[in-house]
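Generate coordinates for the entire structure from the input sequences, incorporating the hints supplied.
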Amino acid sequence: MGMNLGSGNGGGDPEVVVDVNTTPLIDVMLVLLVMLIITIPIQTHAVKLDMPSANPPASDAPPPPAVDLEIDFDGTVLWNGTPMDRGTLDANFRREGEAGENQSEFHIRPNKLVEYKYVAAVLASAQRHGVTKIGLVGNEQFMQ
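The C-terminal position of the sequence shown is numbered 472 in our numbering, with every residue numbered one higher than the one before it.
Derived by calculation from the structure, the hints in this document are not laboratory data.
What you were told as hints is all true, and nothing was included just to trick you.
Keeping only pairs whose Cα atoms sit at most 27 Å apart, straight-line, the calculated DSS-like set for lysine-lysine is:
| hint | residue 1 | residue 2 |
| --- | --- | --- |
| 1 | 445 | 461 |
| 2 | 376 | 461 |
| 3 | 440 | 461 |
Note that the structure is predicted; figures quoted are calculated from it, not measured.
What follows is the structure in structure tokens.
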């Protein structure tokens, strides 16, 4: 930015420039911006997770047996292929719940056409009797 010295009409005084010189203002603002960027700490968005160790402790105990529970389209529950009524199912869940840490793993496989109330009833019965090792198998059939 040059300085305006006037029209050059001879030996008179130069005209007064009324424009504001913004160069020092811009320089100061850039310095303040750089200082702000330097002084702001880097924000890290970290979530604390308790991840399992890479090498789980070796266990001498055999793995618990697995029980396959199939729930047919009409609500019939099959315990390892054997049909069961509600009373027998509750008795078996009670026995497994009393086993504590040695209870079996339950692999529940609902039919694609079964109503949710039958699956919810089986899960509620298992929870009521203290069964904790439950897994749903065959969920990929519901993805379509």
